[in-house]
Amino acid sequence: MTVEMLDRWRCQACRQSPIAEEVGDDDHQEAYRVCPDCANRLRRLALRPIEWFNLAAVHGWNKFLLHDDFYDQDGSASQPDAADYTTEGMEAPTPEMCAKSLDRLIDYCITRWRLSRPDFEAFGPFATSDILASLQERAEMGNRHVLKTALELCANVIGSSAAPWVHGQCERARRDNALFAWAEAAAKCLPSPEGLHMTIDALKSLRGRDLQNDMAALSWFRSPEVLDWIEANAPFENVSASWGQLASLSNLYWVRAQDWLAKRRPLSLVALDALACYIPHQGRAPILNRINPMLKGGVDRSAIERTLQNYASDDDASRVVARCRFIIGNLDKLHVE
44 MTVEMLDRWR
54 CQACRQSPIA
64 EEVGDDDHQE
74 AYRVCPDCAN
84 RLRRLALRPI
94 EWFNLAAVHG
104 WNKFLLHDDF
114 YDQDGSASQP
124 DAADYTTEGM
134 EAPTPEMCAK
144 SLDRLIDYCI
154 TRWRLSRPDF
164 EAFGPFATSD
174 ILASLQERAE
184 MGNRHVLKTA
194 LELCANVIGS
204 SAAPWVHGQC
214 ERARRDNALF
224 AWAEAAAKCL
234 PSPEGLHMTI
244 DALKSLRGRD
254 LQNDMAALSW
264 FRSPEVLDWI
274 EANAPFENVS
284 ASWGQLASLS
294 NLYWVRAQDW
304 LAKRRPLSLV
314 ALDALACYIP
324 HQGRAPILNR
334 INPMLKGGVD
344 RSAIERTLQN
354 YASDDDASRV
364 VARCRFIIGN
374 LDKLHVE
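Just so we're aligned: the sequence shown equals residues 44 to 380 in the working numbering.
Calculated from the structure, these hints are not laboratory results.
All of these numbers come straight from a predicted model, not from anything done at the bench.
For each residue, glycine too, the CB sits at the ideal point set by N, CA and C.
Label pairs and their computed distance ranges (CB to CB):
1) 87 with 159: 29 to 35 Å
2) 352 with 215: 45 to 51 Å
3) 298 with 252: 30 to 36 Å
4) 87 with 267: 51 to 57 Å
5) 373 with 155: 31 to 37 Å
6) 280 with 340: 28 to 34 Å
7) 80 with 323: 47 to 53 Å
8) 378 with 159: 20 to 26 Å
In silico lysine-lysine, BS3-like type, Cα no more than 30 Å apart, as pairs:
9) 376 with 306
10) 339 with 247
11) 306 with 339
12) 339 with 376
My request is simple: use the sequences and hints to build the entire structure.
In structure tokens:
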């Protein structure tokens with residue numbers, strides 16, 4: 044019997060006992076294929092770390108029965124429904140252990156809540172072609188979390204060699220709510236401006252909250268073309284802070300922010316929210332902390348203060364006053380180029 048045949052026969056959690064049950068409590072379309080003992084622990088939120096790790100490597104960690112509400116990042120159950128729960132001898136593999144095997148390293152990345160540079164650098168010893176082939180095989184299994192991880196690894200580990208595959212995943216990414224992950228890969232793997240234009244095309248059919256949720260995908264391109272897109276698409280009502288965040292990540296110059304303030308709403312609200320994004324603060328979006336954008340254009344902080352004071356005197360809405368006060372009060376922390 045081949046290794047592949049054994050894997051199809053073995054429990055996805057312990058990878059030792061034969062499969063006896065398909066547990067579809069949180070996903071009927073992609074059930075967990077497990078042995079009786081692991082099925083019981085899965086339902087009782089009492090998987091041991093290695094069992095959680097193995098299941099999360101196949102299904103992703105964000106399904107209900109594997110979620111971080113119930114498991115720590117090392118796979119230990121935080122609220123098991125089992126009096127005799129123990130992790131002794133059942134620990135998940137360490138990063139050092141996983142780094143020795145390409146398959147196990149990809150498993151490790153799929154199980155992480157968030158990936159970082161050391162995770163990407165761990166792929167250094169492996170051939171790019173082998174990494175891409177393995178990621179393609181994983182993604183073809185159909186799990187959307189695995190697809191997102193594969194795209195993130197293409198963006199940060201493989202680069203342009205992954206361009207043909209990344210290009211072909213656009214439609215699936217739209218369908219599987221993975222446009223944000225796809226856009227990062229497109230920005231780093233596809234020739235410019237192909238990825239940007241494909242992302243803009245993907246957003247054309249969206250409106251309201253759906254557009255607001257998915258337009259963050261444009262953040263990865265860091266392009267002034269996105270500012271043009273904002274001008275054409277910003278809503279006149281219910282302008283969320285996400286529009287300003289997108290602008291701050293798209294090479295915004297102070298002169299353009301001034302122009303938006305002069306044009307009044309909705310672009311003035313976008314400008315204010317964008318300026319606030321250049322100031323580090325608690326609760327700041329992870330992508331802002333990761334990219335750490337800067338306001339461009341030879342900024343004169345005193346000019347910003349005067350402009351905001353004048354604007355707030357004409358628009359005294361509580362949101363505007365609060366934003367202007369925050370920016371003026373933290374001008375010394377404003378990240379400028």
